[in-house]
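Based on the hints, put chain C in the right spot on chain W.
Chains as they are written, first to last, in the numbering used here: chain W, 1 to 281; chain C, 1 to 291.
Honestly, the hints are just simulated from the structure, not real lab data. Mixed in with the good hints there might be a few duds.
BS3-like cross-link-like pairs, simulated, lysine-lysine; straight-line CA separation at most 30 Å [what the hints assert, rightly or not]: (1) C:Lys-180 <-> W:Lys-268; (2) W:Lys-106 <-> C:Lys-3; (3) C:Lys-8 <-> W:Lys-101; (4) C:Lys-3 <-> W:Lys-197; (5) W:Lys-226 <-> C:Lys-256; (6) C:Lys-69 <-> C:Lys-124.
What follows is each chain in one-letter form.
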Amino acid sequence: MEQAGKKKHPISKVILFIVLLVIAVIQIFPLIWLLDFSLASSNEMFTSGLLIIPEKIQWGNYAKAFVDGNFLLYLKNSLLINFLAVAFVIVISIMAAFACKRMQWKLSGLVQTLLLMGMMIPIHATLLPNYKIYSALHLTDTIWALLIPYVAFSLPQGMFLMGSFLESVPKELEEAAVIDGCGIYRIIFIIVTPLLKASITTVSIMTFLNNWNEFMMASTYLSTPKWKTLPFSVLEFTGEYSSNYAVQFAVMALTAAPAVIVYIILNKHITKGVAMGAVKG
Amino acid sequence: MRKMYSNKLVIFSLVLPGLLVFLFAILAPICLSVYYGFTDYSGMGKATWIGFENYKTLAHDTKFFTSLKNSFLLAVGFICIQHPIAIIVAAILDKLQGKAEGFFRCVYFIPNVISVAIIAYLWKFIYNPDFGLLNNVLKAFGYQGQINWLSADNAIWAVLIVLIWHGFGWGMLIYYTGIKNIDPVLYEAAAIDGSDSKTTFLRITLPLMKPVIQVNVTMAIISALKQMETVYLLTNGGPGDRTQFAANYLYQQAFKAFKYGYGNAIGVVFIIICLVVTVLLNNVIFRQEEV
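Excised from the complex, chain W in its bound form (with noise of 0.2 Å):
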């Protein structure tokens, strides 16, 4: 590869550069764009430039979304539904699969088989039956009612993937415990949950990027903000805002500030979750 490298002019690398630069611009420039017109005031934004240089900052535009938007609120529901989430797909999925994989019984194919269908089975298509459902039991504008499809959808994926984990782990650990008198729920909780944490945080971070992004649930099973999540903040803004463009700017980038100053921060750890994830997926 470093010979390779060597050989070829300098100007081709140049051009490759530039490939990766333009495509970097493609990808952030929207983004640079949206932060820009946030901090302006809305009069300024009729201008043929690119970007605005604003008379004055605006900072009460972001006064107005973290007040209006119920930022704080909608931000709480969203942490708390996504830990809750993780939590059981983590729990759940590890027991699923240490019965299907590792115990001997005849239907745990089919039963793998059954779960694992969940990742074939288009989400949208379950929002109307699901609307009634809740509906009937009273769980819409409940926790339940995000919690339960969110934990229902991702659950498949978190199976699959700690089940082709534990395919590696090696048996000798689980059979020197159950000479030693360990039970089978210690030996998953104690002796195997350890050995998966590779898998767990993958499990953990493809969970929660599929569902803190999720409103079409949300917006379907919820009507009051009790339990709104943080996508609320725009949808319900651009309805009241419509005329004031600015603030709406600003909501936006507010909404997204949480997720991508955490992507940032734990840029490495994501991308390789994502990236053994995704692969082994």
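Below, chain C alone, put in the same frame as chain W:
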């Protein structure tokens, strides 16, 4: 050990939570959908059994076929535009060492962690004819006209651009991981044989990436089929159903047109299409190539 590992009660307790979630959140709604698909239920009042009426209507519903055509277009867009660029970028990135590599990888992926809600509204602004970014960019390159990006003729391309842009980082990352997994010895051997980087890419990188490409292409086709969120917020299928996608269409039929029964019938057909396409892609088309 064997006895303990085949204890039925323990096994049952381990798979029960997963099965319950599956039954309640996936299987039950599908069964309910199948039932409502056979009725003329409007969302309120009584549901009357009408047999296959909904499915007969669906067979002649041009809007539904438009939505499938749009999914197909999107899949083609992913495969012919997003993926080739992603592979090339991943290959260039692989040769880059040090900080720049990490920087670019991070930048490419950022749009992926942003909510579709934000992405859709942001692009609505980008396409805005009055102050939108895209028309200003064209102006900067000397084009004087004002393009209405979300007009009937352009809207589907506008939607495609957003989706290709948004998912780029994800596809790139998977290709990048695939390329990183290629044994460097092969590259060294190629260099010793005097192969230039273009030949190396075509003769070594691409063939070895075949399994990764297959997985990625499969996922792209399925996600094109399942597309809903971006379209729902960006155009809601309009103007005049030009940018309709199946999931969005069934949602509209049920909640806007008050044809809940019909919406469910679309849902059932939609699920079947997704299942068939997934199974076909995984087992028939790609398996045969491998043999």
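To see whether the hints hold, each was checked on the structure:
Annotation: proposed proximity of C:Lys-180 to W:Lys-268 holds, straight-line Cα distance about 15 Å (limit 30 Å). Distance hint between W:Lys-106 and C:Lys-3 is fulfilled; the C-alpha atoms sit about 14 Å from each other, no more than 30 Å. Annotation: proposed proximity of C:Lys-8 to W:Lys-101 holds, straight-line Cα distance about 15 Å (limit 30 Å). For the suggested pair C:Lys-3 and W:Lys-197, the alpha carbons sit about 28 Å apart, so the restraint of at most 30 Å is met.
A distance of roughly 25 Å separates the Cα atoms of W:Lys-226 and C:Lys-256; the hinted pair therefore holds under the 30 Å criterion. Between the alpha carbons of C:Lys-69 and C:Lys-124 the distance comes to roughly 23 Å, so the proposed pair stays at or under 30 Å and holds.
Of the hints listed earlier, there is not a single one the structure fails to meet.
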